[in-house]
Amino acid sequence: MDSLNASEQRELQSIMERKQMKEFMTMYSNLVQSCFDSCINDFTSKSLGSREESCVMRCIDKHLKSSERMGNRFQEQNAAMSASGGLPGR
Amino acid sequence: MDSLNASEQRELQSIMERKQMKEFMTMYSNLVQSCFDSCINDFTSKSLGSREESCVMRCIDKHLKSSERMGNRFQEQNAAMSASGGLPGR
Amino acid sequence: MDSLNASEQRELQSIMERKQMKEFMTMYSNLVQSCFDSCINDFTSKSLGSREESCVMRCIDKHLKSSERMGNRFQEQNAAMSASGGLPGR
Amino acid sequence: MSFLFNRPRQPSSAEKIAAAEMEVDMMTDMFARLAKSCNAKCIDKDFRESELNKAESVCLDRCVAKFFDVNVKVSEKMQNDAQSAGRSPAAGGGGLFGM
Amino acid sequence: MSFLFNRPRQPSSAEKIAAAEMEVDMMTDMFARLAKSCNAKCIDKDFRESELNKAESVCLDRCVAKFFDVNVKVSEKMQNDAQSAGRSPAAGGGGLFGM
Amino acid sequence: MSFLFNRPRQPSSAEKIAAAEMEVDMMTDMFARLAKSCNAKCIDKDFRESELNKAESVCLDRCVAKFFDVNVKVSEKMQNDAQSAGRSPAAGGGGLFGM
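Chains as they are written, first to last, in the working numbering: chain A, 379 to 468; chain B, 379 to 468; chain C, 379 to 468; chain D, 1457 to 1555; chain E, 1457 to 1555; chain F, 1457 to 1555.
Hints listed in this document are in silico derivations from the structure and should not be mistaken for laboratory results. Being a predicted model, the structure only gives us computed values, none of them experimental. One or more hints might be untrue.
Straight-line C-alpha distance at most 25 angstroms; calculated BS3-like pairs for lysine-lysine [what the hints assert, rightly or not]: (1) D:K1497 <-> D:K1510; (2) A:K400 <-> E:K1501; (3) C:K424 <-> D:K1501; (4) A:K397 <-> C:K400; (5) E:K1510 <-> A:K443; (6) B:K424 <-> E:K1497; (7) E:K1492 <-> E:K1533; (8) B:K443 <-> B:K397; (9) B:K400 <-> B:K443; (10) E:K1492 <-> E:K1510; (11) E:K1510 <-> D:K1492; (12) C:K424 <-> B:K397; (13) B:K400 <-> A:K400; (14) F:K1510 <-> F:K1492; (15) F:K1533 <-> A:K443; (16) D:K1497 <-> B:K397; (17) E:K1510 <-> D:K1497; (18) F:K1492 <-> F:K1533; (19) E:K1501 <-> D:K1492; (20) C:K400 <-> F:K1510; (21) C:K443 <-> D:K1533; (22) D:K1533 <-> D:K1510; (23) F:K1492 <-> A:K400; (24) C:K443 <-> C:K400; (25) A:K400 <-> A:K443; (26) D:K1492 <-> F:K1510; (27) D:K1533 <-> E:K1501; (28) D:K1533 <-> B:K400; (29) A:K397 <-> A:K443; (30) D:K1497 <-> F:K1510; (31) C:K443 <-> C:K397; (32) D:K1533 <-> D:K1501; (33) F:K1510 <-> F:K1497; (34) E:K1497 <-> E:K1510; (35) A:K400 <-> E:K1492.
Some chain C residues well away from chain F (every beta-carbon gap over 12 angstroms; in silico) [stated by the list, open to error]: (36) L382; (37) R388; (38) L409; (39) T422; (40) S423.
Glycine included, every Cβ here is placed at the ideal spot set by N, Cα and C.
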């Protein structure tokens, strides 16, 4: 990537903040949909049963831990790849 | 949400119109893909058979009714949630 | 579509170039994800086995050929539809 | 899908570009969906060869043709429904904003 | 989901519009996901009739209610986790930018 | 994926920011896809415990590594194909705009 000057850095910074917020919202919605899809399969009642509720709580926990772990590995791999000169085209 | 003044309302209004158009287009494309995926599984011919065609017509009908019903329930739930003070963070 | 004048054409042209770049990136990511999903199912090791690697190479090849073929058919159908007056609403 | 873009009065430059952009977006999105569905229906997931075989090629051609046909059916149906209800198609169809 | 939009100081016009826009985007996205999940869980894929039958209708109603409940659970849990970690919810949760 | 962003001449400010933005978008998108695939392949869908167990953790680590490897293979292959065809990678590969 070409190096950016200070004002370009600031503009990119503010773009990045909006993207980060958007990424958080997408992550949140993915979590809702994924745990709903995995845990809710009974429609004989309109409120969550206690089994469903604890499934949802464990699902959220596990997904957050999984995301964190994959995020760490992803950043390590990226750092290693940059150190070795990036993707082959670089 | 912070309350908006008249000119902010107008700007939001025009943003909303574009979003509504885009949402309609997404709904349209979802409908095409979903009914294609459900009804079309025979590729021994290149034109729609009569069974496939009536499956597609019923699929469209049913999806529109389903969307409308879910949209109504969604708005009721939203209204009820706003009345009771919104999501827990509110 | 309403006809565009020269300066409108130029603006649309530059919008189209960005879209084309974005479409290429989406196609690239779809290819990575799709070939990963189809070919990688063994996690007893952290590096690609030779079977996995050749599956990935064939998967890429086949997907590129498939995209090209579908793209050609899509453009022919579009041309035929425009010639006959477009979708029924046109 | 041009019925989505009918406008009662002379459109401004920005509106014309937005409409052209929207038509391109719609085509791109439609192609992406078609490609996803037709790959799923026609391409053997084993990847034992890197060439499309005859069966896959023919399947892809017919799949594209049928996807177009379904698109036309959906477009016709939504216009008919909208006309019989006396409103523009974009205003109908239910969903979140479908009021 | 208003906890995402809390701001310490008086927001500018652009910020207020961006926040309102983001809330609408969030709702639209949530509805699209709910519709996808509930159609998959409730609608018979045979399409032998064009009307929603009684079982499908009831299933859809309950499905929307339960999707809301799951949404509330996720929202509560992320706020609790964030509070016990002493940071804003948007800063937590791991993932690519979750630092 | 920097080969996507090579430019023949000195880029303007707007172009540099657009290129940086595109690189971030590409990373975010790649991570989202990786997360989806690796959760599907490694995480037990029963959710009987809230901790990642040993098998799941190891699977996730290897899954991320292999996803990177596949990414590198695709990148290499598309560059080779493009070079042997004597054109830029973004211009090839078929599809809707692949002319």
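Hint by hint, here is what the structure shows:
1. D:K1497 <-> D:K1510: 15 angstroms, holds
2. A:K400 <-> E:K1501: 34 angstroms, violated
3. C:K424 <-> D:K1501: Measuring from Cα to Cα gives roughly 23 angstroms; hence the hint holds.
4. A:K397 <-> C:K400: 16 angstroms, holds
5. E:K1510 <-> A:K443: 41 angstroms, violated
6. B:K424 <-> E:K1497: 31 angstroms, violated
7. E:K1492 <-> E:K1533: 24 angstroms, holds
8. B:K443 <-> B:K397: 22 angstroms, holds
9. B:K400 <-> B:K443: 20 angstroms, holds
10. E:K1492 <-> E:K1510: The given pair, whose Cα atoms are some 20 angstroms apart, holds under the 25 angstroms limit.
11. E:K1510 <-> D:K1492: Given pair E:K1510, D:K1492 is violated - Cα atoms ~33 angstroms apart, limit 25 angstroms.
12. C:K424 <-> B:K397: It is violated: about 44 angstroms lies between the C-alpha atoms, which goes past 25 angstroms.
13. B:K400 <-> A:K400: 18 angstroms, holds
14. F:K1510 <-> F:K1492: 20 angstroms, holds
15. F:K1533 <-> A:K443: Violated: F:K1533 and A:K443 sit about 34 angstroms apart, past 25 angstroms.
16. D:K1497 <-> B:K397: Given that 25 angstroms is the threshold and the Cα spacing comes to 32 angstroms, the pair is violated.
17. E:K1510 <-> D:K1497: Status violated; Cα separation ~32 angstroms.
18. F:K1492 <-> F:K1533: 24 angstroms, holds
19. E:K1501 <-> D:K1492: 19 angstroms, holds
20. C:K400 <-> F:K1510: Cα-Cα ~39 angstroms, so violated.
21. C:K443 <-> D:K1533: 34 angstroms, violated
22. D:K1533 <-> D:K1510: Status violated; Cα separation ~35 angstroms.
23. F:K1492 <-> A:K400: Between F:K1492 and A:K400 the Cα gap is close to 17 angstroms, so the pair holds against 25 angstroms.
24. C:K443 <-> C:K400: 20 angstroms, holds
25. A:K400 <-> A:K443: The given pair, whose Cα atoms are some 20 angstroms apart, holds under the 25 angstroms limit.
26. D:K1492 <-> F:K1510: Status violated; Cα separation ~35 angstroms.
27. D:K1533 <-> E:K1501: Roughly 20 angstroms between the alpha carbons, so the hint for D:K1533 and E:K1501 holds.
28. D:K1533 <-> B:K400: 19 angstroms, holds
29. A:K397 <-> A:K443: 22 angstroms, holds
30. D:K1497 <-> F:K1510: Given pair D:K1497, F:K1510 is violated - Cα atoms ~37 angstroms apart, limit 25 angstroms.
31. C:K443 <-> C:K397: Between C:K443 and C:K397 the Cα gap is close to 22 angstroms, so the pair holds against 25 angstroms.
32. D:K1533 <-> D:K1501: 35 angstroms, violated
33. F:K1510 <-> F:K1497: Answer holds: F:K1510 to F:K1497 is near 15 angstroms, not above 25 angstroms.
34. E:K1497 <-> E:K1510: Given pair E:K1497, E:K1510 holds - Cα atoms ~15 angstroms apart, limit 25 angstroms.
35. A:K400 <-> E:K1492: Judged against 25 angstroms, a Cα distance of about 21 angstroms means the pair holds.
36. L382: About 19 angstroms separates C:L382 from the closest Cβ of chain F, which puts it past 12 angstroms; holds.
37. R388: 16 angstroms, holds
38. L409: Given that some Cβ of chain F is not farther than 12 angstroms from that of C:L409, nearest at about 6 angstroms, it is violated.
39. T422: 8 angstroms, violated
40. S423: Since the minimum Cβ distance to chain F is about 7 angstroms, C:S423 lies within 12 angstroms and the statement is violated.
Going down the numbered hints, you'll see the structure goes against 2, 5, 6, 11, 12, 15, 16, 17, 20, 21, 22, 26, 30, 32, 38, 39 and 40, while the others check out.
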